[in-house]
Amino acid sequence: MSNHGNEIDLRSVVRGAAFVPSLAILTALIVIWAATGAGYFWPMWAALGLAIPTALWYAVRWARLRPKGATRWYAMQAAVSVVIVCTNLAVWAMSGGGFFWPIFPAVALGVLLALNPLFFRPDQRKLEVRVDELTRTRSGALDVQATELRRIERDLHDGAQARLVALSMQLGRAEERLADHPDSAALVRQAREEATAAIRELRDLARGIAPPVLADRGLVAAIEALASRSTVKVDVDGQLDHRLPPVVETAAYFVVAESLTNVAKHAPGANVRVTVHLDGAMLVVEIVDNGPGGANPAGGGLTGLKQRVEALDGRLEIHSVAREGTVVWAVLPCE
Amino acid sequence: MRVVVVEDSALLREGIVALLAENGIDVVAQADDGPGLLRIVDGHKPDLAICDVRLPPTFTDEGIRAALEARRRHPDLAILVLSAYVEPVYTGELLAAGDGGIGYLLKERVSEVRTFVDSVKRVANGGTALDREVVSALIADRNRSGDRAELEALTPRERETLELIAQGRTNAAIAREMVVTLGAVEKHVSNIFGKLDLPAGDDDHRRVLAVLAYLRATGGG
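Line by line, the protein sequences are chains U and W. If you count the first sequence from 1, position 67 lands on 67 in my numbering, and the numbers rise without skipping. If you count the second sequence from 1, position 23 lands on 358 in my numbering, and the numbers rise without skipping.
Just so you know, not all the hints are guaranteed correct.
Unchecked claim - FRET-style restraints, in silico, Cβ to Cβ:
hint	chain 1	residue 1	chain 2	residue 2	range
1	U	Gly280	W	Leu533	49 to 59 angstroms
2	U	Gly280	W	Ala353	50 to 60 angstroms
3	W	Ala548	U	Thr261	23 to 33 angstroms
Said to hold, decoys possible - Here chain U is said to cover these stretches of chain W; the calculated rule only asks that three of the stretch's residues, wherever they fall, bring their Cβ under 8 angstroms from a Cβ of chain U:
hint	segment
4	347-358
5	391-402
6	421-427
Since the hints were made in silico from the structure, they are not lab data. In this text the structure is predicted, and so the values were computed from the model without any measurement. Glycine included, every Cβ here is placed at the ideal spot set by N, Cα and C.
Work the whole structure out from these sequences, hints included.
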């Protein structure tokens with residue numbers, strides 16, 4: 001902020017420094033003109049000479065306020081063109097009018113201005129195409145990632161975990177047969193316990209990806225499961241006639257899970273209503289409670305949710321009114 | 336005792352069949368998917384079906400749905416689900432399917448051969464076998480909601496006993512597990528039922544149901 005302030009101060013000093021001598025010179029010239037008989041008012045040419053750089057300075061400053069890139073260059077060109085056309089008009093008027101020659105440069109500059117988009121706009125169009133493409137590939141990448149994670153979760157259960165279970169079972173049977181050899185039996189038991197620990201770790205890993213009921217039965221069933229295990233009273237109103245992309249299901253699930261956790265923590269006496277529905281190609285999730293309100297939308301959990309939703313080009317809003325309750329509202333595109 | 340086994344991993348299925356055979360339990364048929372479960376249950380009229388949750392063709396909750404359908408068709412059929420994970424929704428649905436003859440164990444419990452065989456026999460005889468992780472999830476739910484004081488009034492030994500009851504163990508099995516006398520277990524049990532104000536029953540089975548009903552009361556919803 002202070003740097004910004006200094007910059008402005010510096011500019012006004014420069015402007016002041018330029019104005020004072022300009023006015024002084026002009027005044028001196030007018031005095032000389034008056035002293036020499038006040039004939040043809042020639043000091044106006046000096047005024048014009050001083051006005052041109054000032055006008056240019058303002059024009060450039062105005063253009064620099066435009067958004068960076070093609071738009072700024074276009075503004076710069078337009079501003080300079082206006083200064084040139086005005087200068088020409090002034091010269092034409094000051095030299096007594098007559099044939100209106102300023103029309104030619106004005107038309108030429110106008111044509112150049114009209115042609116500008118052909119030279120600069122392609123960049124902008126390219127950018128727009130690129131933004132489109134990035135949006136598409138990003139949500140595509142997220143979707144592929146979520147699908148892959150689900151596949152990994154399934155493979156963990158059906159592949160590695162099934163093999164480990166078979167292994168631990170064989171070890172268990174071996175242990176039974178070694179009843180007469182306690183030392184060997186103890187070794188086998190250790191091996192079996194290691195295998196069981198590995199199975200537990202795989203299970204925890206898989207659960208972190210998505211709870212089984214979400215993968216198996218979809219969003220509404222998973223939200224109902226959350227509601228039935230919540231310590232606050234939760235009504236669920238949701239009907240989806242088809243499964244949504246895994247990435248959307250997972251994000252929506254965590255929005256509801258986090259919101260219910262927050263209600264249980266901060267408004268244990270509240271009633272909650274969760275609604276889930278599709279509005280065209282948008283999934284709308286709303287969690288409304290009648291608790292004491294005052295939720296901080298910048299809180300850690302809520303910020304994480306917002307990022308998760310925004311990564312899918314969705315929107316998450318939190319409205320919390322003291323003594324009335326809190327609404328968490330999320331919209332997720334599910335193309 | 337006539338048992339069928341439904342599991343899509345051949346390695347695991349054949350291992351379970353061999354393990355049960357070694358312990359004198361007769362596996363009369365095997366299948367590897369949901370429709371197969373219904374087919375062999377209809378065809379062989381077994382006492383017990385042991386099945387996985389995720390089965391072909393959907394690889395979602397096919398096993399649970401097929402088992403519940405089989406139970407609906409044959410109310411005497413006992414069901415033991417072997418799962419790769421604990422999912423309260425599924426255990427809730429199984430427990431709601433009727434009183435007794437229900438089991439839900441994590442797959443790795445098959446490696447504790449003697450305990451596993453006990454569970455198989457107990458479920459086939461109309462008892463209950465719930466995995467210790469399922470029970471701790473129920474207790475955690477119960478603890479988070481409603482009245483914590485009741486559970487907190489239990490001594491650590493009583494609490495351990497409560498968990499073992501909820502898993503479906505008999506007094507004798509509990510005594511073995513906790514390395515105490517049968518008399519000590521009986522004392523813990525009567526204390527628990529007194530403190531939680533549960534209807535006392537001589538029958539092991541009714542006792543499990545009372546404890547599970549208590550744990551699921553406010554938690555499971």
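Okay, the hints, checked on the actual structure:
1. Remark: the range hint 49 to 59 angstroms for Gly280 of chain U to Leu533 of chain W is upheld by a beta-carbon distance near 53 angstroms.
2. A C-beta distance of roughly 56 angstroms is found between Gly280 of chain U and Ala353 of chain W, which places it inside the suggested range of 50 to 60 angstroms.
3. Taking the beta carbon of each, Ala548 of chain W and Thr261 of chain U are about 27 angstroms apart, inside 23 to 33 angstroms as hinted.
4. With 6 residues bearing a CB less than 8 angstroms from a CB of chain U, the segment 347-358 of chain W meets the requirement of three and the coverage assertion stands.
5. Note: the segment 391-402 of chain W has 3 residues with beta-carbon separation from chain U under 8 angstroms; the three-residue rule is met and the coverage holds.
6. Interface restraint, the segment 421-427 of chain W with chain U: holds (5 residues with C-beta to C-beta distance below 8 angstroms; minimum three).
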